[in-house]
Amino acid sequence: MKQSSPQISDLTAAMIAVRNDRDRDAFALLFDHFAPRLKGFIMRTGTGSGQAEEIVQDVMLTVWRKAEQFDPERAQVSAWVYQITRNRQIDVIRKENKPLPEELGEDPSAEPDASQILAVEQEAGQLRDALGRLKPDQREMVEKAYLGELTHQEISTQTGLPLGTIKSRIRLGLEKLRHELKELR
Amino acid sequence: MTTITHHAPDALLAAYAGGSLPQPFALAVAAHISLCLDCRAAYEAHLATGGAVLETASTEAVSDGLKSNVLDLLDAPIAEKPVYQRSGAFPGPVMEALKGKPPRWKSLGMGVRQSILSDGRDGSVRLLYIPQGRAVPDHSHNGLELTLVLQGSFSDETGRFGVGDLEVADQTVEHTPVADAGAPCICLAATDAPLRFNSLIPRLLQPLFRI
Ligand SMILES: [Zn+2]
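Chains as they are written, first to last, in the numbering used here: chain V, 1 to 185; chain U, 186 to 396.
Simulated from the structure, these hints should not be mistaken for laboratory data.
For glycine and all other residues, C-beta sits at the position ideal for the given N, C-alpha and C.
Honestly, I wouldn't trust all of these hints.
[To be verified] Once the Cα atoms are required to be at most 27 Å apart in a straight line, the calculated BS3-like pairs of lysine-lysine come out as:
#  : chain 1 : residue 1 : chain 2 : residue 2
1  : V       : K98       : V       : K144
2  : U       : K266      : V       : K135
3  : U       : K252      : U       : K266
4  : V       : K176      : V       : K95
5  : V       : K66       : U       : K291
6  : U       : K252      : V       : K95
7  : V       : K167      : V       : K95
8  : V       : K135      : V       : K95
9  : U       : K286      : V       : K176
10 : V       : K66       : V       : K176
11 : U       : K284      : V       : K167
12 : V       : K66       : U       : K284
13 : V       : K144      : V       : K167
14 : V       : K98       : V       : K66
15 : U       : K286      : U       : K266
16 : U       : K284      : U       : K266
17 : V       : K144      : V       : K176
18 : V       : K135      : V       : K66
19 : V       : K167      : U       : K266
20 : V       : K176      : U       : K252
21 : U       : K284      : V       : K95
22 : V       : K98       : U       : K266
[As the list claims (entries may be wrong)] Here are a few chain U residues that face chain V, going by a calculated C-beta distance under 8 Å:
#  : residue
23 : G203
24 : L222
25 : A230
26 : T244
27 : V255
28 : D257
29 : S272
30 : K284
31 : D365
Here chain V stands alone, though its shape is the one from the complex (with noise of 0.2 Å):
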């Protein structure tokens, strides 16, 4: 595992580490810390806990099997896993694939760029921040819509929570990978 920074959050590296080095401690360390909440997260839509651990198992799973797409010069690790599991969710309740955008076509540099890592993790501790500032019955309009139980009509996206800022770095990210798969070619 490449030590390119030691502020690069534990997570975040131990998720990197399963990425290049297909590193099983690593994993472990992601399981403890993902799978109970996780299972909180899905038992919150109604789900039995026994269902509910099935999920967890194919969430951890896919983790492990589709770790060569995780960009952490994109997404921290909770948002990479929180799509991996509403996407089972949908297709476990609804019995249908929700449709995917395509990949951007290559896989994510193997040798991140650590202060863009950082500045992504930054982001994502503000909004968790934020998130924790919010009034309780606002926090809990946001919880139901990111669980799935609000309409788009029922969205409002007047919820003070600072997404400009997350969305101009997350671009950065994808246009440096654009960039990239344009020297390949």
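Starting from the known structure of chain V, arrange chain U with the ligand on it as the hints suggest.
For chain U with the ligand alone, kept in the frame of chain V given last:
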């Protein structure tokens, strides 16, 4: 790549990220994101918010055996789902809906054709093929309609829509899209309700063609 000027509204991207969009709309949004870096960034920002919700969720202890189960299964062989690549004007999610095959066009008259990708209780989604100067028959909506241009362009009362542009129309919009000069316009049209045609003849054709 042409410049995209009509984007997915933020509430639609949030609902797509959260997973509450009906299948036809989810396909249109996934196809737009495949073509639009701006909306991809906005969508991933919503995933980051979802990640923050997950990160702060109250935890539930998992069964003792779950971790060892998962660790044992890490390298078990699995059936890989096919990954559909972009083909010509059709982005990956549309190719997936087409199951990798070219669209099967059915004539609607006047050179206009359609290929229905899905039609069910949560709405319908189809491809439309409109030669230059031809109009999609005037229609009004029961619900919401998303139209994504994949080739050529069309114009209607609300503006001009080129490749990658997404038009969002609800029941308050009575519009008549006409394909611009040049290559035939191909678009993906998703609705959460059956389309109604205002003019007499298409109305008679409605059951036959499942418009
Ligand atoms: Zn867009």
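Hint by hint, here is what the structure shows:
no. : hint              : verdict
1   : V:K98 <-> V:K144  : holds, 19 Å
2   : U:K266 <-> V:K135 : violated, 42 Å
3   : U:K252 <-> U:K266 : holds, 25 Å
4   : V:K176 <-> V:K95  : violated, 36 Å
5   : V:K66 <-> U:K291  : violated, 39 Å
6   : U:K252 <-> V:K95  : holds, 26 Å
7   : V:K167 <-> V:K95  : violated, 31 Å
8   : V:K135 <-> V:K95  : violated, 35 Å
9   : U:K286 <-> V:K176 : violated, 33 Å
10  : V:K66 <-> V:K176  : holds, 21 Å
11  : U:K284 <-> V:K167 : violated, 32 Å
12  : V:K66 <-> U:K284  : holds, 22 Å
13  : V:K144 <-> V:K167 : holds, 21 Å
14  : V:K98 <-> V:K66   : holds, 17 Å
15  : U:K286 <-> U:K266 : holds, 16 Å
16  : U:K284 <-> U:K266 : holds, 12 Å
17  : V:K144 <-> V:K176 : violated, 33 Å
18  : V:K135 <-> V:K66  : violated, 36 Å
19  : V:K167 <-> U:K266 : violated, 30 Å
20  : V:K176 <-> U:K252 : violated, 36 Å
21  : U:K284 <-> V:K95  : holds, 18 Å
22  : V:K98 <-> U:K266  : holds, 13 Å
23  : G203              : holds, 5 Å
24  : L222              : holds, 6 Å
25  : A230              : holds, 4 Å
26  : T244              : holds, 4 Å
27  : V255              : holds, 5 Å
28  : D257              : violated, 11 Å
29  : S272              : violated, 11 Å
30  : K284              : violated, 12 Å
31  : D365              : violated, 26 Å
Hints 2, 4, 5, 7, 8, 9, 11, 17, 18, 19, 20, 28, 29, 30, 31 from the earlier list are contradicted by this structure; the remaining hints agree with it.
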